[in-house]
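Chemist: Sequence:
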Amino acid sequence: MTAKEVLAKLKPLGDDARRKHNAKSGAPDDQFGVKLGDLRVLAKQIKSDHELALKLWETGNLEAQLLATLICKPKSLSADELDAMTRSTTCAQVADWLNAYVVAQHPEKDALRVKWMKDKDRWAARAGWNLTASCINKGADGSADLDPGALLDRIEKELPKAKPEIQWTMNNTLGAIGIKHAAHRKRAVAIGEKIGLYKDWPVSKGCTPPYVPVWVAEMVKRQK
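Numbering (my numbering), first residue to last: 54 to 277.
Please keep in mind that the hints were generated in silico from the structure rather than gathered at the bench. None of these values were measured; they are calculated from a predicted model. A portion of the hints provided could be inaccurate.
Calculated pairs, EDC-like style, for lysine to aspartate or glutamate (alpha carbon to alpha carbon, straight line, at most 16 Å) [as the list claims (entries may be wrong)]:
{"hint": "1", "residue 1": "Lys126", "residue 2": "Asp102"}
{"hint": "2", "residue 1": "Lys214", "residue 2": "Asp174"}
{"hint": "3", "residue 1": "Lys168", "residue 2": "Asp136"}
{"hint": "4", "residue 1": "Lys128", "residue 2": "Glu161"}
{"hint": "5", "residue 1": "Lys247", "residue 2": "Glu209"}
{"hint": "6", "residue 1": "Lys247", "residue 2": "Glu211"}
{"hint": "7", "residue 1": "Lys168", "residue 2": "Asp198"}
{"hint": "8", "residue 1": "Lys210", "residue 2": "Glu246"}
{"hint": "9", "residue 1": "Lys239", "residue 2": "Glu271"}
{"hint": "10", "residue 1": "Lys126", "residue 2": "Asp174"}
{"hint": "11", "residue 1": "Lys239", "residue 2": "Asp198"}
{"hint": "12", "residue 1": "Lys88", "residue 2": "Glu104"}
{"hint": "13", "residue 1": "Lys171", "residue 2": "Asp136"}
{"hint": "14", "residue 1": "Lys64", "residue 2": "Asp83"}
{"hint": "15", "residue 1": "Lys168", "residue 2": "Glu134"}
{"hint": "16", "residue 1": "Lys108", "residue 2": "Glu134"}
{"hint": "17", "residue 1": "Lys62", "residue 2": "Asp91"}
{"hint": "18", "residue 1": "Lys128", "residue 2": "Glu104"}
{"hint": "19", "residue 1": "Lys126", "residue 2": "Glu104"}
{"hint": "20", "residue 1": "Lys173", "residue 2": "Asp136"}
{"hint": "21", "residue 1": "Lys258", "residue 2": "Glu271"}
{"hint": "22", "residue 1": "Lys57", "residue 2": "Glu104"}
{"hint": "23", "residue 1": "Lys233", "residue 2": "Glu271"}
{"hint": "24", "residue 1": "Lys214", "residue 2": "Asp149"}
{"hint": "25", "residue 1": "Lys191", "residue 2": "Asp163"}
Derived CB-CB ranges, DEER-like [to be verified]:
{"hint": "26", "residue 1": "Gly90", "residue 2": "Asp206", "range": "36 to 46 Å"}
{"hint": "27", "residue 1": "Arg275", "residue 2": "Arg207", "range": "38 to 48 Å"}
{"hint": "28", "residue 1": "Asp69", "residue 2": "Pro213", "range": "29 to 39 Å"}
{"hint": "29", "residue 1": "Gln98", "residue 2": "Lys210", "range": "39 to 49 Å"}
{"hint": "30", "residue 1": "Ala132", "residue 2": "Asp69", "range": "32 to 42 Å"}
{"hint": "31", "residue 1": "Asp69", "residue 2": "Ser257", "range": "15 to 25 Å"}
{"hint": "32", "residue 1": "Pro160", "residue 2": "Lys97", "range": "24 to 34 Å"}
C-beta: ideal position from N, C-alpha, C; glycine also.
Can you build the whole structure from these sequences, using the hints too?
Modeler: What follows is the structure, given as structure tokens:
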């Protein structure tokens, strides 16, 4: 199947309601409004196809890029290729799928994480903080750049003025430190309270908001 044929399959699956929802979430104009579940169904039909994934990514179309993250082979990408893909991300939804299904599976993710944590590009930095939050959650904090105290110093200084795309995963790292490191919990919560990021975030009944003081308290309670 060619990229053109895939786009032809995707187009009729779209609907206006989904397009409007995507637009409010910062999706690019080049989108069809396809439900995520329908993309997963198509990915299962196509299976792994690395070359097709690269062609789909190059289109810049929202659904094509999302589908590309599901059918590509992370280990077939060089670190430079993955770095370029990360920087060419079109919106947060694509970034999150790329980070979850491709970056997280790449053999050089640790080196890329260190590089991206120093980067000013919003998508590279978002990916770097996403990987850092993952490391904290997994208890991997042996290296200097994963020191909870030093990370809190950076977060306290940088989070208020960071770009929205970076704030999300930086906040995830703040929450992870508060949840996983009892010795740093009080400070993590205090930083969350002072900055107030996502304090008024709407959530469905029974769900935990991304506001760090509430999030940390709920997750710690569940661990007891």
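Chemist: Any hints from earlier that this structure breaks? Give me their numbers in increasing order, please.
Modeler: Violated: hints 10, 11, 12, 24 and 27.
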